[in-house]
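Asks: Following the hints, complete the assembly by docking chains A and Z onto the known chain B.
Chain by chain, the residues run as shown.
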Amino acid sequence: MTAWRTLVTFTLVASACAEGTDERTVLRVMAWAGPDERAIEQRILDRFSEARPGIEIEFESISANYRERLLTSIVAGTPPDVALLDNGSFGAAPFIARDLLVNVAAYLDRVGVDTSAYYSEVLDIFRRPAGLYAFPKDFNPIVVYLNVGLFERASVPLPDWDWTWQDFERIAVRLTRDTDGDGRNESWGTLVRRNFYLWQPWVWAAGGDVLGPEGRQATGYLNSPETETAIRFLTDLVTEHRVVPSVDVRRQSTGLERNFFLTGRIGMIWSGHWWLPRIRRYIEEGRVRVAVLPLPRYDGRDPVTVIYAAGWAVPHNTRHKKLAVELAAHLSSAQSQRERAEYGLAIPSIRAVHDSIAAADPYGLEQAFLQATRHGRMSWGSTVEEWAHVEVQLPDIFDRVIFEDEPIHRVTTDIAERIDRILAARGTR
Amino acid sequence: MSDAAAASVARRRAVNAATYGAAVLLGISMLVPFLWMISTSLMDEFEVFQFPPRLIPADPVWSNYPNALTAAPFGRFFLNSAVMSLFIVAGHLFTAATAGYAFARLRFPGRDRVFILFLANLMVPVIVLLIPRFLLVGALGWVDTYMGLIVTELVSVWGIFLMRQYFLSIPRDLEDAARIDGASEWQIFWKVALPLARPALATVALFSFVETWKSFLWPLIVTRSMAMRPVEVGIAAFHGLYFSNWPYQMAAAVVAVVPILLLFLFTQRYFVRGIQLAGLKG
Amino acid sequence: MNRLRPAFVLLVAAPALAFAVLSTGIVIQSRAALEPELDQSAARRALEYVRWERSQRLAELRAATGSLGSQIAPLDIARYAVYDRAGRTIERFPGDAPLLSLEPGTPQTEAMLAAARRSQAVVDFVTFDGAPAWLAYLPRDGGIAVVQRRVDPSTLTRFETATGYTLALYHGRRRALAGDEDFGARLPGTFVDSLASLDRALSLDADRRAAAPLKDFDDWDAIGAVVVAATASAPALPPLPLLPVSAIWLAAAFTVVALGWVTLRRHPGILATPLRRAFVIALIPPALAAAWAAGADARLSARTTDAALDLGARVLSLVPRPGQLPVERSAELAGADVAVVRAQGVVASDPELGAATDRVRGDPMGRVRVSGQRLAYRVVSEEGPPLLLLTPPLEDARKTALFWLAGLYGALAAAILVYASHARAAGNAIELREARTAWTFLSPSLVLLLVFSAAPLLFAFYLSFHRWNLVEPAKPFVGFEHYLTLAGDGLFWNAAKNTAVYSLYVPATMVCALAVAILLNRRIRGVALLRAIFFLPYITSFVAISIVWQWMYDPDFGLFNWLLGLVGLGPFPWLNSPATALLALIVLAVWIHIGFQMIIFLAGLQAIPNELYEAAMIDGAGPWRRFWRITLPLLRPTTFFVLVTSIIGSFQVFTFVYVMTEGGPLHATDVIVYHIYQNAWQFLRMGYASAMSWILFAVIFAITLAQFRFLGRRVAPS
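Each protein sequence line maps, in turn, to chains B, A and Z.
What the first sequence shows, in our numbering, is residues 1 to 429, in sequence order.
What the second sequence shows, in our numbering, is residues 1001 to 1282, in sequence order.
What the third sequence shows, in our numbering, is residues 2001 to 2718, in sequence order.
The following block holds chain B by itself, in its conformation from the complex (with noise of 0.2 Å):
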């Protein structure tokens, strides 16, 4: 009978806690912040609420599973007050089509958010024609980064940064080297991964897309030829050239891709400002000397690069509307965005807390993300519903490309059926 008074007592407080009462409003607020932001967004947070008692901020953010804790309690008909959304993984677009998130544009001057200190191309990403559903966060454009002490070891020069497609290629093979002669390379000229949003602005270079204007079909752009082009280009890297280490199946999110740049086996990786923090770090301390590019041109075309964002957005049924939309106001704020910015894990939406950031900035790494952003266009997953399923179907074209050895026409013509596929389907799973 121990346990079960044991249960039953244990049980009573356990209810207790959960009961609750209403007399504390409570705002709960989603994200995916890494260990290193969770202390800033924390801090952030507490100004807020700090300046309203009675309020209380629940922060909840652990990076796994995102998606599926979302849209459980969104289900469940408890969703957080402010939730933080982007145009890649966790994507807007769906819950901006169903209008299930609160058009936050009626509410800028009350909120005091003035939409023109953003870089426009980030508020894009979030705006439709009735209005705006996030304020921004922050965002990244994709870039090079470059080893420098391996270029000096294998003596090739740094790049200008009005490079090309030839350079790049030039530059790769020349850092493609087996030093001690026992048939193995110890390093490799760059890495080129499976993962589509890694590839997007090469297609884009080409002036070559995935989609059309409107969004809603594949063929006749997947399968044209420049973005043929810029497939033919990276694939080439791996089975002609052979200049990158074996193609990736998911080093990126693991770190190994970073680790190996950093320790001088692959010379150039083109990635986003989220690697900078550690890195800028790792220079202070002298232990690598770093250098970053915008991506090279097409030759004879406009340099171009994606960007991703993220934004806080509110979802419609919050029970403090007015709140939340401050919250969220506050969270995108200038003040708020130079707290994050000192971290740096992306690019501060707001132009001037950027530019102040650049300017202060040693070693001159911030200029090439500056000089990125302006070539910067979003990426499909901004407004395209159905993104999340047509992205995954894309890294298809290269294992059958580099595997299989297929003709690309043929691959990309058979992705972008299936791709059309799935976009004419919308609404019918």
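If you are wondering where the hints come from, they were derived from the structure by calculation, not from laboratory data.
These numbers were taken from a predicted model, which means no experiment stands behind them.
Incorrect hints may have been included.
[As the list claims (entries may be wrong)] Listed next, with one range per pair, are the computed distances between beta-carbon atoms: (1) A:R1113 - B:D36: 40 to 48 Å; (2) A:F1266 - Z:G2488: 48 to 56 Å; (3) B:D355 - A:V1258: 48 to 56 Å; (4) B:S116 - A:V1258: 54 to 62 Å; (5) A:I1116 - B:R410: 27 to 35 Å; (6) A:D1176 - Z:L2564: 57 to 65 Å; (7) B:R410 - Z:L2484: 53 to 61 Å; (8) Z:L2705 - A:K1191: 47 to 55 Å; (9) B:D114 - Z:L2484: 51 to 59 Å; (10) B:R43 - A:F1266: 37 to 45 Å.
[Said to hold, decoys possible] Chain A regions said to be covered by chain Z (calculated; three or more residues, Cβ under 8 Å): (11) 1030-1044; (12) 1129-1141; (13) 1220-1229.
In this text, a Cβ means the ideal position worked out from N, Cα and C, and glycines have one as well.
Replies: This is chains A and Z only, laid out in the frame that chain B set:
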């Protein structure tokens, strides 16, 4: 005669030594990834993933451990995991022993069909059950409480199956004797069958504990505040979307293994009763 | 005689008693907290009506101003005026009537004009000329139109719902609509002063009054408050949060009553002592009360919903012409033969509506399903196109269903028990006793499994015939569509093939694990340590293991290729090639599960009596012979267990694919559960994912059944 015996002993010794050696070698191969985990937990980012692989960190970063364990409220995580495990293991032992015994030892109409239906509960991926379970727990008001963490998990069909199989392999004679002596069904279960099933109970307890301690997705979904999160979910907090602190994560993973190992060493004694006696005789 | 008693007490009566104590405890400790909560929920409901009313007004005024200047229904629009951006009057109607104190320069005017300049329509509720009025400020033709709409005092002045609550409405610090004078007069002064800054519902005092803020049309600023108090005649509300507890309690109570009945039949003496009799009798009233409470809540909520619809209908009856719908998106409805107004003012014209109207024909009020969502409706207009007023019903179908489900389970358990005991009533006493004991032993697991496992499973089954994108509540029925799609989904069948290949790790692991278990089932030095080492992979965080192995598998920098390179082999691509990726996962699975299966085999080995080995050794049997003749046959139940559970587990492999390969390269490691995961959570196709889960379920079930048929017979109890 004594020569032959001596030869037999010598041969036995040789065989024993060989098997022992084989076990140790196999063991080392099992251990390598784990050793590498430990060594990673003592490295900094430049040193990990080296080539050629290096097992011993040149300059062990011992501070990874205190840093990792203070980076998040790990004390609270451990407490939550302990509470959760305690109740779930107790629940599993109780349900597995009673239901397993019923399926193995008691005759009733439709027993095997009911058993298959019990087993059917193992066959659906948890991924699709998340939503209905969350709705249920939400309707009960148990989101972000111990109740939500515990109640859905109280029965282990796996444990019931294990106990059933174990009871099947124990001879019935003792129970029948007790029955003839006029013992009640409860007495037979409690005083005769259960003591014989100690190794199986230890196994159920051990695996329930491991499973609970390591469970990730459900605790992640059903908890909201840091204060309710168990260890495994806490470890995931080191994993950013863009960046993962592997040394920290490995350090936390190494620490998280310790309680399971302790329990394992404790349940050890239930697994060492077998043929070593035969060995002594030879 | 009463051999069952200890088991009965421990397994059934004790949990039931615990449940009883538990629910009573919760009632007592949460009663105090409950009361204001009830008030607040009433306040919130009232607030919703008011909000709804406001949104209707706004839409109506917008529609009306659309025709400003040409034809204005004088009855409908009391006055209007158009101002330029500076606040100067451009035109007004009626021409001579003083409209508002909207003189330039006053703060109120400035605020309004500012809002209007932002191209926002603002609707406000004011007391004007001593009468309540809705005002709309609408940006128009470079100016601002201000429109005043009459309020029919009967719709709001006194508001009594089925819950028996009185409602008062405050605008700012003034009472906008009079309810019961006394009720208002007793409000604390400090509260009235702070009305404008009220931002959440709160309980006022011990008088069971609650207040909720009344916000402006877009839910932004508090412009007043709704105050709710219980009238003397208010029926007591059931304790809402306790319903689920009651439901579970009820299930237990059902079981107890059924068991008690059976026991009583067999052993009339069991109620001999007064204490036991009291216990059984004490079980009955709470069970009845719980049943009543659960039912009462549903009934009451339904009545409240109906009252809300009535109110809505009265408001809608003010709409001048049925053709001119008081809705924002009325243009979209031009071709529709039916219009639907939902409570929040959202309008939908749905292909399924035709069917819905067929179902509601002849019944002015009730519940109807539209796009898979259950809604309360009321037919508003009988002439012209039928106009349905729809609102999500307040009665919570989920809770009610849960209650019925639990009751059903209880009844089911009771039925099985009764069946079990009576089917064999003719048989011998021992068998009967065993059957009863068995069901007693099974009941706790059974109840928990039914609630937390079988019910979700059935939900998934239900979903597999519906379309659901998770972000919207609507779940339209699609019949077998998902299953048909599945048949043509090449990727699914590829995943199925990969899963089947992956499950080959099970026999491989079993051979290794059995060998290791026999190796380590002896008292040798350091055996505990060795066992722990084999067990380590299984107990370590799978994510951490994934990382380590991913590095070890790295074709260029990994441990394996380095080691193989030392002896002149390789490099192998491991995870990075469609040809070898699945094999690499299988190797990893073997490595992890050896320790897991070893422990189970070790436990199984303990059940083999030493005497058998001793006898065999006396007979001169060698180790190999002992293994084949004694170990393996006697270990069969364990082996069977490992095989069945591991196969079931292998068909559900997910974590390593999710963390290490994401199904690639070229879908070589795409397994069914990963496919299900992607569809459910990434592509938001939950219905399709549920259909796949059920196929998977059916396959595993068939395999398990086959195993029992062909292998299980030999291990079944005699």
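Asks: Work down the list of hints and note, for each, if the structure agrees.
Replies: Against the structure, the hints come out as follows:
1. Distance hint check: the CB atoms of R1113 (chain A) and D36 (chain B) are about 55 Å apart, inconsistent with the given range 40 to 48 Å.
2. Between F1266 (chain A) and G2488 (chain Z) the CB atoms are about 54 Å apart, so this pair conforms to the stated range of 48 to 56 Å.
3. Checked against the hint of 48 to 56 Å, the pair D355 (chain B) and V1258 (chain A) passes, with Cβ atoms roughly 50 Å apart.
4. Between S116 (chain B) and V1258 (chain A), the C-beta spacing of about 56 Å keeps the proposed range 54 to 62 Å intact.
5. Between I1116 (chain A) and R410 (chain B) the beta carbons are some 48 Å apart, a value that contradicts the proposed interval 27 to 35 Å.
6. Distance hint check: the CB atoms of D1176 (chain A) and L2564 (chain Z) are about 59 Å apart, consistent with the given range 57 to 65 Å.
7. R410 (chain B) and L2484 (chain Z) have their C-beta atoms about 28 Å apart, which leaves the hinted 53 to 61 Å range violated.
8. In this structure the hint that L2705 (chain Z) and K1191 (chain A) lie 47 to 55 Å apart at CB is violated, the actual value being about 36 Å.
9. Restraint check, D114 (chain B) to L2484 (chain Z): a C-beta distance of roughly 53 Å satisfies the suggested window 51 to 59 Å.
10. Between R43 (chain B) and F1266 (chain A) the beta carbon distance is about 44 Å. The supplied range of 37 to 45 Å therefore holds.
11. For the stretch 1030-1044 of chain A, the proposed coverage by chain Z is satisfied: 8 residues have a C-beta within less than 8 Å of a C-beta in that chain, meeting the threshold of three.
12. Counting residues of the stretch 1129-1141 of chain A whose beta carbon lies closer than 8 Å to any beta carbon of chain Z gives 9, which meets the minimum of three for the stated coverage.
13. For a cut-off of 8 Å, the count of residues in the stretch 1220-1229 of chain A with a CB near a CB of chain Z stands at 0, and the three-residue condition is violated.
Hint check: violations occur at hints 1, 5, 7, 8 and 13; the rest are consistent with the structure.
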